[in-house]
Amino acid sequence: MSPAKKRSLIRGDHPKLSISQQCKLVNLSRSAFYYSPVGIGAATLEMMQEIDRVFTKYPFFGSRQIAAYLRRGGIDVGRHRVRRLMAKMGLEAIYKRPRTSQPHPQHPIFTYLLRKMVRGGRGFSDQSLRWIA
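Every number in this note's numbering is 2 more than the matching position in the sequence shown, counting from 1.
This list has only true hints and no planted wrong ones.
List time: in silico BS3-like cross-link candidates among lysine-lysine, alpha-carbon distance up to 30 angstroms:
# : residue 1 : residue 2
1 : Lys-18    : Lys-7
2 : Lys-18    : Lys-8
3 : Lys-59    : Lys-90
4 : Lys-90    : Lys-8
5 : Lys-7     : Lys-90
6 : Lys-98    : Lys-59
7 : Lys-26    : Lys-7
The hints are simulated quantities; they were obtained by calculation from the structure and are not laboratory data.
Turn these sequences into a full structure, and let the hints guide you.
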């Protein structure tokens, strides 16, 4: 059950159960009951628009380069804040990623020969028996 639904079950004017007891019954912390989410401020929205503008112009910039670009433009911002806001907006730099799981086309593929071998009516349960075969 979501915290919002649990919050709706709790009544502040209950005659016998306090809010603390009701929170325990629905398995909700009291801080979650009293919590009201804080919206995004105007300064942060402006910062996100600036990051989006720079990212649209230079999609290969990461958080460090965007932070440096904004600092050169007179906007004082750290790279960790830029990184957090980029993640919130779903922005990720375009770069060549390593292809570590791609096999080379000329590399031979060896079959696992012990897969179908059977000893005594059952497969190899002991690791040491594989070395004997």
